[in-house]
Amino acid sequence: MRALVLALMLLGTPAWAVQPDEVLSDPVLEQRARTLSKGLRCLVCRNESIDESNASLARDLRILLRERLVAGDTDAEAVAYIVDRYGEYVLLNPPARGSTWVLWAAGPLMLLLAGGVGLVYLRGRARTPGEEQAPLSANEQARLDDILKD
Amino acid sequence: MARHRAPPYGRRMITELGHFALILAFGVAIVQMVVPLVGAHKRWPGWMAVAEPAAGAQFALTLLAFGALMWAFVSSDFSLRLVVLNSHSMKPLLYKISGTWGNHEGSMLLWVLIVALFGAMAAWFGGNLPPTLRARVLSVQAAIGVAFFAFILFTSNPFLRLATPPFDGQDLNPLLQDPGLAFHPPFLYLGYVGLSMTFSFAVAALIEGRIDAAWGRWVRPWTLAAWIFLTIGIALGSWWAYYELGWGGFWFWDPVENASFMPWLLAAALLHSAVVVEKRESLKSWTILLAILAFGFSLIGTFIVRSGLLTSVHAFANDPERGVFILMIMAFFMGGALVLFAARARALEAKGVFSMVSRESALLVNNVLLAVACFVVFIGTMWPLLAEMFFDRKLSVGPPFFNAAFTPFMVMLGLILPIGSAMPWKRAVITRALKPLRYVFVLAIAIGALAYAIQSGRSLLGPLGLFLGAWIVMGTIVDLWGRTGRGENRLRRLGRMPRADWGKMVAHAGLGVTMAGVAGLTAWSMDDIRAVPLGGSYDVGRYTVQLDDVKRSQGPNYVSTTGSVTLLHDGAEIAQLRPEKRFYPVAQMPTTEAAIDYNLLRDVYVVIGDEQAGGGWVVRTYIKPLTNWIWIGCALMALGGLLSLSDRRYRVAAGAAKTKQVPAQ
Chain V
1 MRALVLALML LGTPAWAVQP DEVLSDPVLE QRARTLSKGL RCLVCRNESI
51 DESNASLARD LRILLRERLV AGDTDAEAVA YIVDRYGEYV LLNPPARGST
101 WVLWAAGPLM LLLAGGVGLV YLRGRARTPG EEQAPLSANE QARLDDILKD
Chain G
1001 MARHRAPPYG RRMITELGHF ALILAFGVAI VQMVVPLVGA HKRWPGWMAV
1051 AEPAAGAQFA LTLLAFGALM WAFVSSDFSL RLVVLNSHSM KPLLYKISGT
1101 WGNHEGSMLL WVLIVALFGA MAAWFGGNLP PTLRARVLSV QAAIGVAFFA
1151 FILFTSNPFL RLATPPFDGQ DLNPLLQDPG LAFHPPFLYL GYVGLSMTFS
1201 FAVAALIEGR IDAAWGRWVR PWTLAAWIFL TIGIALGSWW AYYELGWGGF
1251 WFWDPVENAS FMPWLLAAAL LHSAVVVEKR ESLKSWTILL AILAFGFSLI
1301 GTFIVRSGLL TSVHAFANDP ERGVFILMIM AFFMGGALVL FAARARALEA
1351 KGVFSMVSRE SALLVNNVLL AVACFVVFIG TMWPLLAEMF FDRKLSVGPP
1401 FFNAAFTPFM VMLGLILPIG SAMPWKRAVI TRALKPLRYV FVLAIAIGAL
1451 AYAIQSGRSL LGPLGLFLGA WIVMGTIVDL WGRTGRGENR LRRLGRMPRA
1501 DWGKMVAHAG LGVTMAGVAG LTAWSMDDIR AVPLGGSYDV GRYTVQLDDV
1551 KRSQGPNYVS TTGSVTLLHD GAEIAQLRPE KRFYPVAQMP TTEAAIDYNL
1601 LRDVYVVIGD EQAGGGWVVR TYIKPLTNWI WIGCALMALG GLLSLSDRRY
1651 RVAAGAAKTK QVPAQ
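Residue numbers (my numbering), protein chains in the order written: chain V, 1 to 150; chain G, 1001 to 1665.
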């Protein structure tokens, strides 16, 4: 039984994220490769970058990326090379091109909108004096005081 | 192995009783939904009074059903389909228990159990609510229960039987067999479902057509409790990911994580706006809208996890039919509540008048920032779907987007926090509010600059995080100290400050600590990957890692490969680490158990990998600065919430027992 389990274990062991044999000897190139691979998606995984992923496809992509860097590609060229082959789905950080600018602008636009509405509201609050008197009935006021007392 | 026999008759009876109790609870919930609502409308006290015993009965029956399911898991009753799919007779007891909710059906049962629990608590502690409001709150809460009971009974029944029980089960996903993760889902559900209580209060108030300071006070404890549970649940999940997934990531911006983060952001906004309703009777309709949306995002979270619409590492047991059902529940509650809101919101006249510069407006800015941050997370999570539907583009939105698009709002929030919290209500003079903070600001800038000077890179993230952390922590302390007035006995007065003030200070400081931790970890972590021969050693920064030995051994339901690693700092031994790799044969899955040397300033994180063909083992080493600040900050936030919750003014039953007590003041 135990031998069987051990055998299964050896068969079942996954490849890990970046393996020692992938690491480039030039630390500067390796650092660039690590940074770039954090922004590239492992295509067969759910929401993992190739830097983190254990999948063999991710390993292939890591090696491919390093080959491009060793061949002298700039960061942009190496990424473009991979995007050409795997589509923009591979980018974890969608560039603000075409319809994607909506995604990038959504936050700032919403802040402007919400800020504007808030400002209008604040001006309204600041300009309506005389509403301070509570239009509560005596009964309600008594109950409210009762609750707020302690 | 083949010791299995058919479960005795009595044990099977318990399962049947659980199933029956669940159906009965569904019936009770329907009664609780209809009768008090009609009663409140017609002012019939007898009908309204049905709500309280019904809420108790609904909770007791659901508890019985949940207990029966847990019993089936603990006793390994493999005549239940769910137990076969998610358990194994050799699994440790803790994970047999947590296995009850480690699957879709069981977790939905836990979900309704908590809905019923909150309803029962509102019934028991809600003695001081006006009778009509109380009846309506319990009725709305029961409606939520009805929807989810129907969902469970018709699409995800945990009590389904197998005609021929197998000898053993298929085991729980090994990743879930961990103490941290065992308690992550219950806390999250307590949080999600806690927001159902706020939702019920909001809808009941809309039906009543009035909201006053007292409403703000009643709703706050529920929001606070939900927010505390969400904080703990999210922190547990994040901590688990950190030590379990094997490379020390703590947040992945995964759709399901986002699904828990969005309600947290809105609950935080709601906490602050409910203060304005309570103290100043303003921001009423906005607060109601937030209460509706916060629960809406909880439902969206459920929908995302269960439907499989967005794939994620968390997705379990997803099924389009269930997705459609949850979508219908969501459409009904959100649509209904928002229509009611549109019809009634105008009636919610604001009363308080305040100037542009005041605590009210600062809290409004807080709400705008939190809500917009939530919106950014929402659109980022949904964008891959939207882009494919409308623009025919298949793209990914991952951590780099969220880090860039979300962080600025948190930075702004951190910048205004100490200023806003130092402002008085109604009308503030900005220079007076800033005056006590100027030294704090200078000191915080100095800390950030120091960090910039001693770090090796030129990244601004780390220094910015430390600056914000110092600014918030010191600012909030100075603020509390400033409230003790002048002259003698300030320390004594500090001790006598209301718990809510202490809670505010502690929770805000927690946010600052977490921000500093996140920034420090992200900016300054180091890693090293290499193949190490047995007995070999290597340096990472000022640390030396030495691989002494690697052993294989057998665990209860897994086999383990454990390394013995000695960690040295400047040549002196500081720790013995045991990084472990497990393999679960039944589920055919490996897991990593990283060995971590914890420290307040840094973690040293060691992971053992595969044996290499040429001898030796792959070892990964990470130096992760300030990591523990993230969890300490979360713990402080939760503690601050608890302090606030324990303030006698905000007690759930505040005012209820008043007739029996002599007022303290």
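For the record, the hints were derived by calculation from the structure and aren't laboratory data. Beta carbons: idealized from backbone N, C-alpha and C, even for Gly. Accuracy of the hints is not assured; some may be wrong.
Said to hold, decoys possible - Quick partial rundown of chain G residues pointing at chain V, CB under 8 Å, derived from the structure:
1. Trp1251
2. Ala1362
3. Leu1364
4. Phe1375
5. Trp1383
6. Leu1385
7. Ala1387
8. Met1389
9. Arg1393
10. Trp1502
11. Gly1615
Unchecked claim - Facing chain V, according to a computed beta carbon distance under 10 Å, are these residues of chain G, among others:
12. Leu1289
13. Trp1524
14. Arg1620
Hint by hint, here is what the structure shows:
The criterion of a C-beta within 8 Å of any C-beta in chain V is not met by Trp1251 (chain G), whose closest approach is roughly 12 Å, and the hint is violated. The interface hint given for Ala1362 (chain G) is broken, as the beta carbon of that residue sits about 11 Å from the closest beta carbon of chain V, more than 8 Å. For Leu1364 (chain G), the interface hint holds, the least distance from its beta-carbon to any beta-carbon of chain V being 5 Å, beneath 8 Å. Checking Phe1375 (chain G) against chain V: minimum C-beta separation of about 5 Å stays under 8 Å; hint holds.
Satisfaction of the interface hint for Trp1383 (chain G) is found here, the shortest Cβ-Cβ separation to chain V being roughly 5 Å, below the 8 Å cut-off. Because the beta carbon of Leu1385 (chain G) sits about 12 Å from the nearest beta carbon in chain V, more than 8 Å, this interface hint is broken. The interface hint given for Ala1387 (chain G) is met, as the beta carbon of that residue sits about 6 Å from the closest beta carbon of chain V, less than 8 Å. The restraint placing Met1389 (chain G) at the interface with chain V is violated, with a minimum CB-CB distance near 11 Å, outside the 8 Å limit.
Proximity of Arg1393 (chain G) to chain V holds as hinted, the smallest CB-CB distance being about 7 Å (cut-off 8 Å). At about 18 Å, the closest approach between the beta carbon of Trp1502 (chain G) and any beta carbon in chain V exceeds 8 Å, and the interface hint on this residue is violated. This hint is violated: Gly1615 (chain G) has a C-beta 13 Å from the nearest C-beta of chain V, more than the 8 Å allowed. A cut of 10 Å between beta carbons decides the hint on Leu1289 (chain G): the least distance to chain V is about 12 Å, and the hint is violated.
Proximity of Trp1524 (chain G) to chain V is violated relative to the hint, the smallest CB-CB distance being about 15 Å (cut-off 10 Å). With 10 Å as the threshold, the beta carbon of Arg1620 (chain G) comes within range of chain V, its nearest partner Cβ sitting at about 8 Å, so the hint holds.
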